[in-house]
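2 protein chains.
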Amino acid sequence: MSEEQKEEPIILITNDDGITAPGIRNLVEAVKELGKVVVVAPDKPQSGMGHAITIGVPLRLNKVEDMFEGVESWQTSGTPVDCVKLAVDKILHRKPDICLSGINHGANHSINVIYSGTMSAAMEASIESIPSIGFSLLDYRFEADFTAARFYVHKIVKSLLQTKMHKHLLLNVNIPSVPLNEMAGIKVSKQAYAKYDEDFDERIDPHGKKYYWLTGEFKNFDTGEDTDVWALEHNYVSVVPVQFDLTNYQLKKELEKTWDVL
Amino acid sequence: MSEEQKEEPIILITNDDGITAPGIRNLVEAVKELGKVVVVAPDKPQSGMGHAITIGVPLRLNKVEDMFEGVESWQTSGTPVDCVKLAVDKILHRKPDICLSGINHGANHSINVIYSGTMSAAMEASIESIPSIGFSLLDYRFEADFTAARFYVHKIVKSLLQTKMHKHLLLNVNIPSVPLNEMAGIKVSKQAYAKYDEDFDERIDPHGKKYYWLTGEFKNFDTGEDTDVWALEHNYVSVVPVQFDLTNYQLKKELEKTWDVL
Chain B
72 MSEEQKEEPI ILITNDDGIT APGIRNLVEA VKELGKVVVV APDKPQSGMG
122 HAITIGVPLR LNKVEDMFEG VESWQTSGTP VDCVKLAVDK ILHRKPDICL
172 SGINHGANHS INVIYSGTMS AAMEASIESI PSIGFSLLDY RFEADFTAAR
222 FYVHKIVKSL LQTKMHKHLL LNVNIPSVPL NEMAGIKVSK QAYAKYDEDF
272 DERIDPHGKK YYWLTGEFKN FDTGEDTDVW ALEHNYVSVV PVQFDLTNYQ
322 LKKELEKTWD VL
Chain A
72 MSEEQKEEPI ILITNDDGIT APGIRNLVEA VKELGKVVVV APDKPQSGMG
122 HAITIGVPLR LNKVEDMFEG VESWQTSGTP VDCVKLAVDK ILHRKPDICL
172 SGINHGANHS INVIYSGTMS AAMEASIESI PSIGFSLLDY RFEADFTAAR
222 FYVHKIVKSL LQTKMHKHLL LNVNIPSVPL NEMAGIKVSK QAYAKYDEDF
272 DERIDPHGKK YYWLTGEFKN FDTGEDTDVW ALEHNYVSVV PVQFDLTNYQ
322 LKKELEKTWD VL
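Here the protein sequences come in this chain order: B and A.
Start counting the first sequence at 72; every next residue gets the next number (my numbering).
Start counting the second sequence at 72; every next residue gets the next number (my numbering).
These are computed hints drawn from the structure, not numbers from a lab.
Glycine included, C-beta positions come from ideal geometry on N, C-alpha and C.
Warning: the hint list may mix true and false statements.
Unchecked claim - Only pairs whose alpha carbons sit at most 25 Å apart, straight line, appear in this in silico DSS-like list of lysine-lysine: (1) A:Lys-266 with B:Lys-323; (2) A:Lys-161 with B:Lys-266; (3) B:Lys-115 with A:Lys-115; (4) B:Lys-281 with A:Lys-166; (5) A:Lys-281 with B:Lys-166; (6) A:Lys-324 with B:Lys-235; (7) A:Lys-323 with B:Lys-324; (8) B:Lys-166 with A:Lys-266; (9) B:Lys-238 with A:Lys-323; (10) A:Lys-266 with B:Lys-238; (11) A:Lys-115 with B:Lys-280; (12) B:Lys-328 with A:Lys-235; (13) A:Lys-328 with B:Lys-324; (14) A:Lys-281 with B:Lys-134; (15) B:Lys-161 with A:Lys-281; (16) A:Lys-281 with B:Lys-290; (17) A:Lys-235 with B:Lys-281; (18) A:Lys-323 with B:Lys-226; (19) A:Lys-280 with B:Lys-229; (20) A:Lys-323 with B:Lys-229; (21) A:Lys-115 with B:Lys-290; (22) A:Lys-229 with B:Lys-328; (23) B:Lys-226 with A:Lys-280; (24) B:Lys-280 with A:Lys-161; (25) A:Lys-280 with B:Lys-161; (26) A:Lys-290 with B:Lys-238; (27) B:Lys-161 with A:Lys-226; (28) B:Lys-115 with A:Lys-328; (29) A:Lys-323 with B:Lys-323; (30) B:Lys-290 with A:Lys-161; (31) A:Lys-235 with B:Lys-323; (32) B:Lys-324 with A:Lys-115; (33) B:Lys-324 with A:Lys-324; (34) B:Lys-281 with B:Lys-107; (35) A:Lys-161 with B:Lys-281; (36) B:Lys-323 with A:Lys-226; (37) B:Lys-166 with A:Lys-290.
As the list claims (entries may be wrong) - Here are a few chain B residues that face chain A, going by a calculated C-beta distance under 7 Å: (38) Glu-253; (39) Val-313; (40) Leu-322.
Pulled out of the complex, with its shape left as it was, chain B reads as follows:
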């Protein structure tokens, strides 16, 4: 790697709200002085896509001019995970030094890490040995105020770029929607067992047939003070280190000992 590359890290940015969302613009603004930023993002919102990849249909990839001042930008017809794959293989032709995803409009704490397109893009990068961070603001509105979020994004990314990051580093960062002077700081947390208690809103269409909208109420079942939900409720920026090895080692040990079907 040349001196120049060492001095100017390549920062890949993607999201799941689509390239026109204010969140990704704020992410670009927050880190653009820290390296060479390249944006590769979906051309439409992809919320709730989880770790979906596009297999059955071909993908489109188009350069976008004048989207972010002085920043090379591409949009794709694919999912957030597709964006990371395309960026590495077809645009950068190398691994970026870090991949940032977001800033998501809305929370991705607790169990939401699993449904989140924002976090799936970050996880895809981590699997590919690219240190990666997903950022989410606890305000789903397009007119959300990202001022405090930008401050913390800058602080966290700058700090990590100065350290030797583990190649599979993967962080889920959620930011409370409060002004900067009300922030309590940053707290490393664990994923809470909190989730939506789902229900479906049943309706009848104009042709007399039933259809359903997914709906639900968020509930925290986790009373721990070391969780992301607790941190956010106390105005901390929550940082959950995430892994893609889903093996339940404790259960593995138990099954090996006790399961008589083996």
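Based on these hints, arrange chain A on the given structure of chain B.
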């Protein structure tokens, strides 16, 4: 719970290849004598959907007659995860005793657990405190031979229904595509770090514009003999216990100690 319910467990079955796939038919056949089976599956293939949920469009849910003999069956316009949610809230109106997903046409070992609709449906059930298993056969063809797979599915489900299962029990079961007499048995394993080395096939459409097909070669980077890939290569049925808490506790400890941005 009545005596009758205790004696006849409710087995929810779903998949990601769609309700007409041979894999789900073989799963139903394999377990139908073990309880009251209810099928709720997508009306079309949903491979690679990961943990996608349907937020932006309403869902359809329709009863299907004469699909599986003597088995109540429903198809939905949603993803595998949507199927589990709809089944619990709108069809069963209670948690089933176990949720089975599959039998997937094709492997879901190693990192594929993350992309897999089959495993995401099982994980959704596990989050909802329903013990759950995803089954996959290492043969993606529709004309695959499920004879040996049926034998092991029956054996595993029967054994688990006789034990007190943890409410979040979640197993990723992959079955080699070999005849029954060549099977080596069942092996509890961990998720291998093995993945597709992706590339994109670049083509030009009839209008002169580029498009891309995702393609790639599977590579195992994990030399351990306790992994699912190793087990499958040695003709074992691989059983990986899976968890939905993605917190990387080791990294959490390290960051709390060393990260000066806190």
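Task: Numbers of unmet hints, in rising order - done: Failing hints, ascending: 13, 16, 17, 19, 21, 23, 27, 28, 32, 34 and 38.
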